[in-house]
Amino acid sequence: MNVIFAQLLNGLDKGGAYALIALGLTLVFGTLGVVNFAHGALFMLGAFCAVTFRYLITLETVTVDPEKLSPWGAPLEIRTPLAQNWLGDFGAVLIDYSVPISILLAIPVMLVIGVVMERGLIKHFYRRTHAEQILVTFGLAIVLQEIVRSVFGANPIPQPAPQDLRGAADFGVWLGMAPNVLTYPLWRLVYFLFSIGIIGAVFAFLHFTTFGMVVRAGMVDRETVGLIGIDIGRRFTIMFGIAAVVAGLAGVMYTPLLPPNYHLGMDFLVLSFVVVVVGGMGSLPGAVAAGFLLGILQSFASMTGVKAIIPGIDQIIIYLVAVVILLVRPRGLMGRRGVMES
Amino acid sequence: MTRITGVSRRQVLKGAGAGLLTSLAAPMVFSKGAWAQDFCNNPTGDTVTFGFNVPQTGSYAEEGLDQLKGYQLAVKHLNGEGDGGMINTLKPSALKGNGILGKKVAFVTGDTQTKTDAARDSARRMIERDNAIMVTGSVSSGEAIAVQSLCQEMGVIYMSGLTHSNDTTGKDKRRYGFRHYFNAYQSGVAIAPFLAQEYGRDRRAYHLTADYTWGWTQEESIKAATEQLGWETVATVRTPLGIGDFSQYITPVQNSGADVLILNHYGHDMVNSLPQAVQFGLRDRQVNGKDFQIVVPMFSELMAVGAGDAVKGIIGTSNWHWNLPDDGSKAFTKSYGEEYGAPPSQSSHTGYVQALLYADACERAGTFYPPEVIKALEGFEFDGLGNGPTLYRDTDHQCFKEVLVVRGNMSPTSKFDVLDIIGHTSRDEVTYDPAMFGGDLGPYDPNNC
Chain U
1 MNVIFAQLLN
11 GLDKGGAYAL
21 IALGLTLVFG
31 TLGVVNFAHG
41 ALFMLGAFCA
51 VTFRYLITLE
61 TVTVDPEKLS
71 PWGAPLEIRT
81 PLAQNWLGDF
91 GAVLIDYSVP
101 ISILLAIPVM
111 LVIGVVMERG
121 LIKHFYRRTH
131 AEQILVTFGL
141 AIVLQEIVRS
151 VFGANPIPQP
161 APQDLRGAAD
171 FGVWLGMAPN
181 VLTYPLWRLV
191 YFLFSIGIIG
201 AVFAFLHFTT
211 FGMVVRAGMV
221 DRETVGLIGI
231 DIGRRFTIMF
241 GIAAVVAGLA
251 GVMYTPLLPP
261 NYHLGMDFLV
271 LSFVVVVVGG
281 MGSLPGAVAA
291 GFLLGILQSF
301 ASMTGVKAII
311 PGIDQIIIYL
321 VAVVILLVRP
331 RGLMGRRGVM
341 ES
Chain Y
343 MTRITGVSRR
353 QVLKGAGAGL
363 LTSLAAPMVF
373 SKGAWAQDFC
383 NNPTGDTVTF
393 GFNVPQTGSY
403 AEEGLDQLKG
413 YQLAVKHLNG
423 EGDGGMINTL
433 KPSALKGNGI
443 LGKKVAFVTG
453 DTQTKTDAAR
463 DSARRMIERD
473 NAIMVTGSVS
483 SGEAIAVQSL
493 CQEMGVIYMS
503 GLTHSNDTTG
513 KDKRRYGFRH
523 YFNAYQSGVA
533 IAPFLAQEYG
543 RDRRAYHLTA
553 DYTWGWTQEE
563 SIKAATEQLG
573 WETVATVRTP
583 LGIGDFSQYI
593 TPVQNSGADV
603 LILNHYGHDM
613 VNSLPQAVQF
623 GLRDRQVNGK
633 DFQIVVPMFS
643 ELMAVGAGDA
653 VKGIIGTSNW
663 HWNLPDDGSK
673 AFTKSYGEEY
683 GAPPSQSSHT
693 GYVQALLYAD
703 ACERAGTFYP
713 PEVIKALEGF
723 EFDGLGNGPT
733 LYRDTDHQCF
743 KEVLVVRGNM
753 SPTSKFDVLD
763 IIGHTSRDEV
773 TYDPAMFGGD
783 LGPYDPNNC
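Each protein sequence line maps, in turn, to chains U and Y. At position 53 of the first sequence the residue is numbered 53 (our numbering), and the sequence of numbers has no breaks. In our numbering, each number is its position in the second sequence, counted from 1, plus 342.
Only chain Y is shown next, with the shape it has when bound in the complex:
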């Protein structure tokens, strides 16, 4: 018979207490990777999968397909292929060009069809079927907001692509959503001084607006900015997304008394509405003793190419342009041009940058665990990605950087030379109080999808 001797009740209690403390402390000691099974799509193999969710059909397809090219180039550079592009210019940077945390980057793609429900379905497939650790991409704010909300529910970080609505990082902001692209408020602040300088302070504006979240907030922001200049708003008319023929909406402008038409349209909508407005002879008219003008507050190189001669002289704003002289822009334009035979659009630029910023945040956090990656992105101050010193603000996940004011080139020297940069509005000027657009980021808590 075996007897346990010399073990007192006190010793048993001590041992039990020590064991309990050890078990409680263990996760903190082995903190990196300790949340192994606790978050959605924790990568276990030697690859990590990104989900590129962009419109490949529908009104914004052209911008979406170009954004996809930016993402694919980013994957090449992250995996150490090609010339490295802006990985070489990002400062500070934890990227090594060997994937992320030693894992090679793979990707899946989806077509959002420029539709909110299709964008959500596609993102859900990427998360549930393809185990995407991060979803990125959009050209419409409608799809960005929908996917951002889904990603919050599923605990997957969403790096939005091209989304310009104030709501994306305003009333619809989410802890798991991040926007590099600028917004409608910033467009209004940036463009207003140039409109006053070019067209004066006594103007009457007529808005045609794409009827969804982006159009509404852009109309609101541009209306506020122009009315502050002293302009009068004659009418604000909503147009369905993707109708193609805008003639019935342009005709009433002729006799409205307006001397400026503001087109809150993007993608194919703008490519159709601007030439149609020009075909109606609006720019040849004199109203109220002034030359009639057309303004497109937010436009891109791809739209400018699509709109042809109609874009000449039109003023708007842009997030980025391939002709910028900084090292980051030069590096990206070179890489992209060699890969695809054309300069990159702002859509491909913002996609490329978002992929790099997410990868860099993972490296700095030392984990793919979303709450830690989010904290690495929040308040991150960086440079070298083409927009000058940039802040990823922690309170709304909006990037703050300078905004470009552009004009359709009157005498292009090549088919790519369609926009002139006529001004830079500083980061300080376009920074605003995050409370202005409301919203609540929500919790960091990871979800298990």
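Looking at chain U on its own, in the form it has when it is part of the complex:
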């Protein structure tokens, strides 16, 4: 029972990342009708916002201590972060909490990137086929990842979680078990709660604001909304920016779980598209549900007992489930009639 509960928890943070990326993909597809293969690159760019913020905040001054020697006999260099020099203990706290604080940088940066991407490139492909949209956005993703590679290098850059959130939460004790029977890393718990918060915020924005209501109306019938004098195109551009922010924030908070590299977006892109297809093209609840479902299934498939029965199942489970669901429900779990069926 403990094992099952542990794997369930484990699937939730992974599912949270899939759900956040798939949510953004579905927002773009639902509003603009664009199949955006550059969406994974937005996740990666978000992660590099965290890298950039930490780089800036940890710029160092170098002093030489002539009393001490380095292992090769030269005077020892002592490096102190500028933030710590200027701000003392507060500077140290800023560095420690650099990942969550970098959200403040990521929001405007990702919003601008999203809007520029939509106005500069995507809008020219609204009336083109999905195949052409996929080709151009995939090309854009490659360009973006190569830019990141040239600036940050090819190697993963570890981003530590704050000291207070590096340990494990003792879930077992909360559930009345003995201590240390069922533990779970605190940051993974934070990530799961964060993803739930973002998903809730997006749904609330779409359902409880006038802007969201107009967007939802536009998703159902763009022409009619336009006919009553609403500039739906501008709102959809903003939605593209919001989708970029959602992907970017998912990337920022994921960095302590997986050190980001330039290829991070591609690693998540394919899985996220499977999530969107399983959830149903254009269905926001479907994307979220499928994200968590597939994350949890992937986690269960890694159990020793399961792998003993079907070796290698952990590597193919997501695709296997996708095939089965599409055979049983061709529109996905919550797909709408007529979407991508013409």
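The set of hints was computed from the structure by calculation and includes no laboratory data. A portion of the hints provided could be inaccurate.
Here are the simulated PhoX-like pairs of lysine-lysine, each with C-alpha atoms no more than 25 Å apart in a straight line [claimed, not checked]:
(1) 445/Y <-> 433/Y
(2) 68/U <-> 446/Y
(3) 717/Y <-> 445/Y
(4) 672/Y <-> 411/Y
(5) 632/Y <-> 68/U
(6) 446/Y <-> 632/Y
(7) 68/U <-> 418/Y
(8) 676/Y <-> 307/U
(9) 433/Y <-> 418/Y
(10) 438/Y <-> 672/Y
(11) 672/Y <-> 632/Y
(12) 565/Y <-> 672/Y
Following the hints, put chain Y in place on chain U, whose structure we already have.
What follows is chain Y alone, placed relative to chain U:
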């Protein structure tokens, strides 16, 4: 009309016989350099080119880039630049610090991407396009074995870099391949007594293993060594190379009944899996009435730095450490530190040493002709390169020297001070019968690439 007179048939036959004998004997008389055109990339100009084939991207990139620095420093020292480093401490040595056989050393580099096929492609380019006389470098045993096999086919000597699989000098050994680095079997022999001493003989181990040749042989060797101690193996689970997030593989450890997790991971895999295992609270647990322990049988300074605090107290083995007190290690650490501003890793050390050993073998053989260079390396006994007296065994091309047992430093005094040496296992203890891992070296015959 001219007549040839006084020449008998006997004299003609004598003359012909003498001529035939002379022509047959000539190559033996002018033996040095006589095989001028008979081997791959015979250097004809005033330079000789080495091919440094290391992962610069992918899971093992950090170790690969550091290995490359070791190679570049070796080239400087071979060409007589800098302070000479370990050229001054190698004994015996034929190196003069003026290149090799009077030719300056040049080099080309390639990125293996931590992938077997990319490593082979890159090595082939170095041989066919850049005329490399020798190819060296690796951080994964998969790429080392693949390149070694290619080099045998092409008749180019391959001095492997960091490769720890038993297969490299076992079932996949090649006449043209040489390994200075230690192997998984030696790690198992070296670490077992320390595990027994630190954690006792009644333990239950759970292995997470990188799913390729190195992981398999390390798992096999460590499993055999720990079971000989009396430990029970609860499970051996294979993990894909470079997945990054190991949480789904760590979670089942919690309720497996194991009280030791053995991570057969290296490079970025280990840098990810060890902190993740610590984040899951494994080291805070008590299982079977004992403190839960994590063991990383083979790790390096670069990995220790990458893993941060998680590495504190973790026991493993290492090929070399910059803190060793011998003259060779001191000389190399000084040269490397002055050049790059950090102490060298074991990856850069093994690369540096391999370049020097190849150059020295050429000098001793008096030629670049591979079969002669191979014979100069086979059975070569040397000292002064940081590992004490070392033998390049002729039967499998494996170096035999002492193995270090290390532990993550609990209270580091600097960012470089991440590992403590807690033991040295002697060369005799880690020497084994070459028949144990099978394989066939193959012929000396040179090929024309």
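Do the hints match the structure? See the list:
1. 445/Y <-> 433/Y: Holds: residue 445/Y and residue 433/Y sit about 22 Å apart, inside 25 Å.
2. 68/U <-> 446/Y: 38 Å, violated
3. 717/Y <-> 445/Y: 21 Å, holds
4. 672/Y <-> 411/Y: Holds: residue 672/Y and residue 411/Y sit about 17 Å apart, inside 25 Å.
5. 632/Y <-> 68/U: 41 Å, violated
6. 446/Y <-> 632/Y: 59 Å, violated
7. 68/U <-> 418/Y: 29 Å, violated
8. 676/Y <-> 307/U: 50 Å, violated
9. 433/Y <-> 418/Y: Holds, at roughly 19 Å.
10. 438/Y <-> 672/Y: With a Cα-Cα distance of about 20 Å, the restraint between residue 438/Y and residue 672/Y holds, given a limit of 25 Å.
11. 672/Y <-> 632/Y: 40 Å, violated
12. 565/Y <-> 672/Y: 35 Å, violated
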